[in-house]
Amino acid sequence: MSGDCILCGKCLEVCPLLRATGREELGPRAKADLCFLLGDDETLLSGEDVAKLAGLCLGCHRCKAVCSQGVDVPGLVAALRLAHPDFKGWLWKTWLTHARELWSSTSLAAKLIPKNFQSEKFGPFLKMLAGLKGGPGLEPFLIPEIFPDTYRGERMLLFAGCTANYVQGRWLVTALRLLDGLGIEVLPGDFKCCGGGLSSAGFDVESEAMACKNIDVWRKAGKPKMVLFCASCLSSLGGYENYFEDSEEFISWQRSLMPLSALLREATFVVSEKASGKVAYHRPCHVDKADSDYMFLHNALGNRLIVSTSRECCGFGGVMRLGTPALADAVNRDCWEKLGTPDVVLTGCSACAAQLAATAPNEVRVGHWLEIIA
Amino acid sequence: MRFCLLLTPRGRSRTFRSMPIYAESLTSAHRLFLTDHFPGDGCLLSQEGMAAFSADASQERAMPWAVVRPENRGQIEELLKWADSERMPIYGRARGTGRVGNAVPTHGGVVVSMLGMNRILDVDENDFVAVVQPGVVTGDLQAACIDRKMMYPPDPASVKYSTLGGNVSTCAGGLKAVKYGVTRDWVMGLESVLPGGKVLRTGGRSHKNVVGLDLTRLFVGSNGKLGLVTEIIVKLIPLPETSASVLVGFSDLRSSMDGARAVFRSGVLPAACEFMDKVTIQAVRQVGDVPLAANAQAALLFMVDGSEAGVEAEVRQLVTALNESSPVSVEIGRGKDEEKIWAVRRTISPAAFRIRPNKFAEDISVPRGTVAEAVERAHQIGEECGLIVLCFGHLGDGNIHVNIMHDASVPDEVVRACRAKDAVFRLAIELGGTISGEHGTGLTKASFVSEQLSQEEIGLMTSIKQVFDPNSIMNPGKGW
Numbered sequence: 001m002s003g004d005c006i007l008c009g010k011c012l013e014v015c016p017l018l019r020a021t022g023r024e025e026l027g028p029r030a031k032a033d034l035c036f037l038l039g040d041d042e043t044l045l046s047g048e049d050v051a052k053l054a055g056l057c058l059g060c061h062r063c064k065a066v067c068s069q070g071v072d073v074p075g076l077v078a079a080l081r082l083a084h085p086d087f088k089g090w091l092w093k094t095w096l097t098h099a100r101e102l103w104s105s106t107s108l109a110a111k112l113i114p115k116n117f118q119s120e121k122f123g124p125f126l127k128m129l130a131g132l133k134g135g136p137g138l139e140p141f142l143i144p145e146i147f148p149d150t151y152r153g154e155r156m157l158l159f160a161g162c163t164a165n166y167v168q169g170r171w172l173v174t175a176l177r178l179l180d181g182l183g184i185e186v187l188p189g190d191f192k193c194c195g196g197g198l199s200s201a202g203f204d205v206e207s208e209a210m211a212c213k214n215i216d217v218w219r220k221a222g223k224p225k226m227v228l229f230c231a232s233c234l235s236s237l238g239g240y241e242n243y244f245e246d247s248e249e250f251i252s253w254q255r256s257l258m259p260l261s262a263l264l265r266e267a268t269f270v271v272s273e274k275a276s277g278k279v280a281y282h283r284p285c286h287v288d289k290a291d292s293d294y295m296f297l298h299n300a301l302g303n304r305l306i307v308s309t310s311r312e313c314c315g316f317g318g319v320m321r322l323g324t325p326a327l328a329d330a331v332n333r334d335c336w337e338k339l340g341t342p343d344v345v346l347t348g349c350s351a352c353a354a355q356l357a358a359t360a361p362n363e364v365r366v367g368h369w370l371e372i373i374a
Numbered sequence: 001m002r003f004c005l006l007l008t009p010r011g012r013s014r015t016f017r018s019m020p021i022y023a024e025s026l027t028s029a030h031r032l033f034l035t036d037h038f039p040g041d042g043c044l045l046s047q048e049g050m051a052a053f054s055a056d057a058s059q060e061r062a063m064p065w066a067v068v069r070p071e072n073r074g075q076i077e078e079l080l081k082w083a084d085s086e087r088m089p090i091y092g093r094a095r096g097t098g099r100v101g102n103a104v105p106t107h108g109g110v111v112v113s114m115l116g117m118n119r120i121l122d123v124d125e126n127d128f129v130a131v132v133q134p135g136v137v138t139g140d141l142q143a144a145c146i147d148r149k150m151m152y153p154p155d156p157a158s159v160k161y162s163t164l165g166g167n168v169s170t171c172a173g174g175l176k177a178v179k180y181g182v183t184r185d186w187v188m189g190l191e192s193v194l195p196g197g198k199v200l201r202t203g204g205r206s207h208k209n210v211v212g213l214d215l216t217r218l219f220v221g222s223n224g225k226l227g228l229v230t231e232i233i234v235k236l237i238p239l240p241e242t243s244a245s246v247l248v249g250f251s252d253l254r255s256s257m258d259g260a261r262a263v264f265r266s267g268v269l270p271a272a273c274e275f276m277d278k279v280t281i282q283a284v285r286q287v288g289d290v291p292l293a294a295n296a297q298a299a300l301l302f303m304v305d306g307s308e309a310g311v312e313a314e315v316r317q318l319v320t321a322l323n324e325s326s327p328v329s330v331e332i333g334r335g336k337d338e339e340k341i342w343a344v345r346r347t348i349s350p351a352a353f354r355i356r357p358n359k360f361a362e363d364i365s366v367p368r369g370t371v372a373e374a375v376e377r378a379h380q381i382g383e384e385c386g387l388i389v390l391c392f393g394h395l396g397d398g399n400i401h402v403n404i405m406h407d408a409s410v411p412d413e414v415v416r417a418c419r420a421k422d423a424v425f426r427l428a429i430e431l432g433g434t435i436s437g438e439h440g441t442g443l444t445k446a447s448f449v450s451e452q453l454s455q456e457e458i459g460l461m462t463s464i465k466q467v468f469d470p471n472s473i474m475n476p477g478k479g480w
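Read top to bottom, the protein sequences are chains A and B. Note that our numbering has the first sequence beginning at 1, numbered continuously upward. Note that our numbering has the second sequence beginning at 1, numbered continuously upward.
What the hints contain is simulated information worked out from the structure, not anything from laboratory work. Fair warning: there could be bad hints in the mix.
Said to hold, decoys possible - If you only want the chain A side, here are some residues facing chain B, beta carbon under 7 Å, derived:
no. : residue
1   : L7
2   : C8
3   : G9
4   : L12
5   : E13
6   : G22
7   : E24
8   : E25
9   : A30
10  : L34
11  : L37
12  : D49
13  : V50
14  : V66
15  : S68
Unchecked claim - Non-contacting residues of chain A with respect to chain B, defined by C-beta distances greater than 10 Å in every case (computed):
no. : residue
16  : P144
17  : E154
18  : Y166
19  : D180
20  : G238
21  : N362
As the list claims (entries may be wrong) - Here are the computed distance ranges between Cβ atoms for each label pair:
no. : chain 1 : residue 1 : chain 2 : residue 2 : range
22  : B       : A313      : A       : R333      : 43 to 53 Å
23  : B       : E430      : A       : E248      : 51 to 61 Å
24  : A       : P361      : B       : L239      : 26 to 36 Å
25  : A       : N303      : B       : E376      : 54 to 64 Å
26  : A       : N242      : B       : L239      : 43 to 53 Å
27  : B       : K81       : A       : S46       : 30 to 40 Å
28  : B       : D412      : A       : S46       : 11 to 21 Å
29  : B       : S46       : A       : S272      : 55 to 65 Å
30  : B       : K340      : A       : G222      : 31 to 41 Å
31  : B       : E376      : A       : D4        : 27 to 37 Å
32  : B       : D289      : A       : V66       : 14 to 24 Å
33  : A       : S46       : B       : R334      : 40 to 50 Å
34  : A       : E208      : B       : E384      : 49 to 59 Å
Glycine included, every Cβ here is placed at the ideal spot set by N, Cα and C.
Excised from the complex, chain B in its bound form:
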């Protein structure tokens, strides 16, 4: 069985302080309400139909009692008014591509699929904003912006198949976060429906706004625990004229870190700055040709963007800065050749499965200066547990994807992989970092939250949630 059907994190126990009282099942009156308000295909009640909504990319699973598909805000207002009075757990869901189980309906209740609300309402060349519904695929918005010579920069790996609603809910990051930030930095306004059915509008189309507390930013990354977002206003910028990418090989990890440091010190702020350790390089070499020197034991992957002249100058500056760290190979890609370089990065995930059939893909983030130590110690943890550990990711943000490879059909390997995962999380906290830079905590990291956040922080967050959701019906059972 590949799924944790009981949603207690592996090998751990969780306790809830004053567990809220929820509806215990769907009564016939509940069913009547849902089928009345979401007629036809708008409401799913069969096990077969609902199975798709029971899991997400974390592979954790729990069956909901019903799935509804609103097509407008009015339906959501009615739903949340009803759900609050019935103490019915509510789980907002877009395409279920999250990695930590945030979309999994752990306490039964109703999954709200937002895919029917998928219109791009406005892409404004004067205000430089776009207004979208939550079910819009992020890549589709980006394409609509490019048509008008504008850019929406956040680009999580799932950009072509995840949605703005999901990205807002999880505060998705991506390759270009080092220069452009994460989803939170681009959301200017939200329309949301709160438990009880009240509509809340925060922020707007103005690029600056310092009046009051920033409730918009509070909502971004709240994982559907405060309300359901129904409309999103995002900031746009002019589309950069061009870009260039550089793949650099180094003889060891420390040299690669020196190289990255030299690039930033030289004054270049790359749009992306990725790294790969030696195990990752070995893995991608098994899948295809990699434009890296044979003796490369670590690699950096840069992208710079801007005007044609600016990009030319930045590439020169970057390569000169890298020379101080004696790279073993430098491959510059422009136009179609740029794609070849990024294909290497995209191959990592499937290539990893050539090593072992399963992986824990953790996304710790540490201060940038401690990345080398974090990677070396992650390898050490792997050795101690008798497992292969791949490290790659967004060096520019100190966000390391630590992949703990194992075979889930071998019970002993699973135990060792869980031990390695615990050790990696503790390492991140010890280095002053975080257990998650991008994926969130959801189910799979819920039990570690209290090791990172203080009691005061958790207490404040709980109080804030109670203001929005006094009966705690929104996405219950998840870590912050």
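In isolation and in its complexed conformation, chain A is listed as follows:
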């Protein structure tokens, strides 16, 4: 896979880590090349140091999206992490040592740190970093007016994701209200974590188990449409390709995945008088090209939406944040430079919402777009 890299440098355009640090050895091309060199001549470089260096990846997947050769650098990095014999031990030790320093002691995530390593819980934790609190959230100011009949009577599953399930219960409540307004019957489904965080951390066995369980829930429900409101979960579920028996079923799975904001395309909303002034939108790295969250907010908020990030990453960075928070912080600063100081920043990814909320300037409030729905 790494041998397919032609060193053209196209990925350098999109890597937020390279942009923020100016360190070429941290760019995706360098990582693909390191993996290639290691595979070609193991005596040339120290495997352990390569793993350490190549592991400095935010896992945003932007490089994979632009690569003409289909090189999957985050996948290579995950494989390096997996191959590293001490990685799990290092990861957990680092987590226990630094979690309380890195993230606010008042956050629910910090309180949930377990005493022993339980890899199946690590994915959810990755999504609850950065001082995420289940507090009051944003003041709602977008009032649903008319729901279309497009989906009325349909039965769908709701994949709420770990953050909504464990921390941000109000997101789940609002999502259910919107689905009710749309006339959609929500089927019961006992989903596991999407597994995205675990997969990029190199926990292949654990993430595969989660994927298989989630697919099983969908199959048993009769393969209905599945509604999501976290861009990272959506991206992670969309990448379950290896866990289906045939490509036909995988295509059917992919077609079933529906961003909640896409279902609201024909709904109308009014902005209440107590609305916040200037609103910014942060585009998550893992969102698909169509970015239905942005389209929804653009239509609903009009001129109130003053700025949107495009190539900036929030700097969440998964396991990279644990090992090298200073590098992830540099990426985060780039993001805030673009966002400026609006009254509210909205996004559609639980990890971005957490990271931006923890790093926002005092006067700026951050939340998932569901929080502004009255």
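With chain A held as given, fit chain B onto it using these hints.
Quick look at chain B alone, frame taken from chain A:
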């Protein structure tokens, strides 16, 4: 192994007249100097860290002994003073997107990564100039200019991920060179540090300057062999109000060349004039829909820009002129539809790999009137060597991208591809052209330089370099 680890061009030998004497390795005193002057992450010495700086888009490779990351000119002055006295090879590097190995540290020594100097210092709406540091991504400067309704036109294919420093070093061209010229035509002034640490300022913010020899132009395209550029002043123009693009299909190559000639004769100077041969069209059709007639065997792609009324008129004039050559399809794109047309052009490179997994991508340039002959003979060379050859590129400049497709894992194919490459270079020279219109010669074409340039030219260039770099520490081991 996909890389040439020994940096002698494949199948050729190179000799250096009076090879300069260089440091043979990095001593502990050298290391101390570098880590003192470039503290923390500013100096890399581990093999893993330096690997990224050993290769560029040419896929040639050699490991440096150290990598440093200056953040200001003062550090570079100290570095070049030290390097000159220690006879330490120095390689300036931005993002390593060059195609011929100019950034590869062939003689050991120190790679100087300029990415830390990446500030846009000024975009001036009165002087119509921008002042930038070398690590600024060209696309970022263009965006900053557009915000102020101005334009920096040079647009190499790598515009979104290569830097002004790299573009200046290689004199990068691009799609719009036919109307707007290449990087050299837009650089008005430079600040550089020379070996020994002296700072040289050439040119300035004045749009005209005829006093003395043009040292600024000499630096542009010198591939880091004279000094390290630390500040660049470029010319800007008002942003054109709008643009339109036209994709035209022809039944054969000769008709397409007639069509292009008719357009220029009609008085239209397009901002871009690209062509694709039949093999290229077949390749892009494998990747997606192409808005060309099914029987098109050659295609032209035009862009015109200017005022709304001017663009309307030029498109009409262009289409009328093309009619003389009986095109089989004409697709006009405005606004978002323009993007669809250019997507075809951008697909060529990845599409080519559907034919064979590897390619030699050469960029010969010939007089515009001989493009048809050059393309036909390049195809012939491919047939003789049993390989597929794609030709496309900047017809307006006579700059043809000749892609020799092959499978590098088949030794015999590599030998035949190298033979085809030699023949293509000789063809360019025979037609009165050049072995490189854009990419430069670096490592991959170094051995052909003496076939194009006369001994007198090479002698003069060597003498000029000696004036700037008497100990030849700047980017050694490359062709001109």
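Now the hints, each set against the structure:
{"no.": "1", "hint": "L7", "verdict": "5 Å, holds"}
{"no.": "2", "hint": "C8", "verdict": "5 Å, holds"}
{"no.": "3", "hint": "G9", "verdict": "4 Å, holds"}
{"no.": "4", "hint": "L12", "verdict": "4 Å, holds"}
{"no.": "5", "hint": "E13", "verdict": "4 Å, holds"}
{"no.": "6", "hint": "G22", "verdict": "4 Å, holds"}
{"no.": "7", "hint": "E24", "verdict": "5 Å, holds"}
{"no.": "8", "hint": "E25", "verdict": "4 Å, holds"}
{"no.": "9", "hint": "A30", "verdict": "3 Å, holds"}
{"no.": "10", "hint": "L34", "verdict": "6 Å, holds"}
{"no.": "11", "hint": "L37", "verdict": "6 Å, holds"}
{"no.": "12", "hint": "D49", "verdict": "4 Å, holds"}
{"no.": "13", "hint": "V50", "verdict": "5 Å, holds"}
{"no.": "14", "hint": "V66", "verdict": "9 Å, violated"}
{"no.": "15", "hint": "S68", "verdict": "4 Å, holds"}
{"no.": "16", "hint": "P144", "verdict": "31 Å, holds"}
{"no.": "17", "hint": "E154", "verdict": "33 Å, holds"}
{"no.": "18", "hint": "Y166", "verdict": "37 Å, holds"}
{"no.": "19", "hint": "D180", "verdict": "37 Å, holds"}
{"no.": "20", "hint": "G238", "verdict": "21 Å, holds"}
{"no.": "21", "hint": "N362", "verdict": "28 Å, holds"}
{"no.": "22", "hint": "A313/B <-> R333/A: 43 to 53 Å", "verdict": "49 Å, holds"}
{"no.": "23", "hint": "E430/B <-> E248/A: 51 to 61 Å", "verdict": "56 Å, holds"}
{"no.": "24", "hint": "P361/A <-> L239/B: 26 to 36 Å", "verdict": "33 Å, holds"}
{"no.": "25", "hint": "N303/A <-> E376/B: 54 to 64 Å", "verdict": "57 Å, holds"}
{"no.": "26", "hint": "N242/A <-> L239/B: 43 to 53 Å", "verdict": "48 Å, holds"}
{"no.": "27", "hint": "K81/B <-> S46/A: 30 to 40 Å", "verdict": "34 Å, holds"}
{"no.": "28", "hint": "D412/B <-> S46/A: 11 to 21 Å", "verdict": "37 Å, violated"}
{"no.": "29", "hint": "S46/B <-> S272/A: 55 to 65 Å", "verdict": "57 Å, holds"}
{"no.": "30", "hint": "K340/B <-> G222/A: 31 to 41 Å", "verdict": "39 Å, holds"}
{"no.": "31", "hint": "E376/B <-> D4/A: 27 to 37 Å", "verdict": "33 Å, holds"}
{"no.": "32", "hint": "D289/B <-> V66/A: 14 to 24 Å", "verdict": "21 Å, holds"}
{"no.": "33", "hint": "S46/A <-> R334/B: 40 to 50 Å", "verdict": "56 Å, violated"}
{"no.": "34", "hint": "E208/A <-> E384/B: 49 to 59 Å", "verdict": "52 Å, holds"}
Violated hints, in rising order: 14, 28, 33; the structure is consistent with all others.
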